[in-house]
Amino acid sequence: MLATELKSLAETIADSNYSGKVINLVQELATAKSSNQVLDLLFEVAGVMEADCAAFVTYIRGDWSHENFRFVLACDPRWCFEYQKTAAYSLDPWIMYASTNTEPICASQITGLTRAQREVHDLAIRYGMNSTCVIPAPSSGAMTRVGMLAIGSRQAGYFEGPGLREFSVLGRSLAMELQGWCIRRLRQELIEERGLTSEDLQLLAFERAGQGTKQIATDLGISVTAVDSRWKRLNQKLSTANRKASASMAAAYGVI
Amino acid sequence: MHMQQAQKRHSSSRAAALNPQLSSPDGRIAFLVAPAAIGLYLERIENLPSGGAIVHCMRVESCDDFTRHVETDDMRYEYPFLYHRVLNLIEGLFDARN
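Residue numbers (our numbering), protein chains in the order written: chain A, 3 to 258; chain B, 46 to 143.
Quick caveat, the hints were computed from the structure, so don't treat them as lab data.
Among the hints, a few may not be true.
Restraint-style ranges between C-beta atoms, simulated for each label pair [stated by the list, open to error]: (1) L203(A) to P70(B): 33 to 41 angstroms; (2) G163(A) to P70(B): 30 to 38 angstroms; (3) E121(A) to Y122(B): 17 to 25 angstroms; (4) D140(B) to K87(A): 29 to 37 angstroms; (5) G165(A) to P94(B): 42 to 50 angstroms; (6) S10(A) to P70(B): 33 to 41 angstroms.
Chain B residues, not near chain A, derived (Cβ > 10 angstroms throughout) [unchecked claim]: (7) P70; (8) H101; (9) R130; (10) G137.
Note that CB positions come from ideal geometry on N, CA and C, so glycine has one too.
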């Protein structure tokens, strides 16, 4: 596990090399070629940030019936497996916060928790996140995928003290790069596995923009029948029932 | 519902593509193990009945580490042979490295 010296957050970030070291590692995420490399980088950057643990999760916002989560765990994985037993995603106060906010926050400042939510919070504490900075990683308006980075310290009150604002700038940068990497990977997987062509992506984007068959046919200079045929083939590739479902799936995976 | 089924198929096919030997017979759980800069990279994919998938990416630094990591993972009771196979693979990879 990573080690936190008993320094305050303000003392830690006062080191003149702190930001530079973090940013140097964060920018490596842009060229990471595998999940393996991303996990190594998350461990490394959490160490440089002098955090004890870090966990990033990307998920599809607002569809709790369809859980689709990807966790990158630079922390004790037992926490995540125990968390999963509670099927707590839909009531997780950190995920709920990240789904509707963009500002980083101390986990302790998320108030109004129900008993079940307090249990989720306490579970994180049991696995070493005595003080946690929760950093949302939102996507653009068209996308339904959201990310959340939790950076934890065993030191109680670590993120509650001075220095959170400066730390948040770096944390946001890390969270957004992780989210960007995950979206790129998911997009690539879907395109390659389903054999989507540039014409398919164009069709999906038209649907997402609310264009009907006639309009699409006019824009592409083809017949209405040809547009319908394209949709039929595309829906088959994506194993969906209709074009709306295809476009929703494409948006969820960041393809459009 | 169709979208969920499609995404489930997408996740399942991906899990199978990772390493067919490290999937449960029903495709519900799959593992990818790969050498990493420190220890091994372990990816656990769980395909859910609802149509979604949950993926955990973690680091394993020893065989004991793997045993400890999954001690709170209830799936190890449902698929003991799969978890045993993963442990064997991890042992083999560490042995080969040493």
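Evaluation of the provided hints:
For the hinted restraint 33 to 41 angstroms between L203(A) and P70(B), the CB-CB distance of approximately 36 angstroms keeps it satisfied. A hinted range of 30 to 38 angstroms is violated for the C-beta pair G163(A) and P70(B), which are about 52 angstroms apart. Between E121(A) and Y122(B) the beta carbons are some 23 angstroms apart, a value that agrees with the proposed interval 17 to 25 angstroms. Between D140(B) and K87(A) the Cβ separation comes to about 33 angstroms, which falls inside the hinted range of 29 to 37 angstroms.
Restraint check, G165(A) to P94(B): a C-beta distance of roughly 45 angstroms satisfies the suggested window 42 to 50 angstroms. Between S10(A) and P70(B) the CB atoms are about 52 angstroms apart, so this pair departs from the stated range of 33 to 41 angstroms. A cut-off of 10 angstroms between C-beta atoms confirms that P70(B) is not in contact with chain A; the least separation is 21 angstroms. Not every C-beta of chain A lies more than 10 angstroms from that of H101(B), the closest at about 5 angstroms, which undercuts listing it as non-interface.
With a minimum CB-CB distance of about 19 angstroms to chain A, R130(B) clears the 10 angstroms threshold, and the non-interface call stands. For G137(B), the requirement that its beta carbon stay farther than 10 angstroms from each beta carbon of chain A is met, with the minimum near 18 angstroms.
The structure shown violates the earlier hints numbered 2, 6 and 8.
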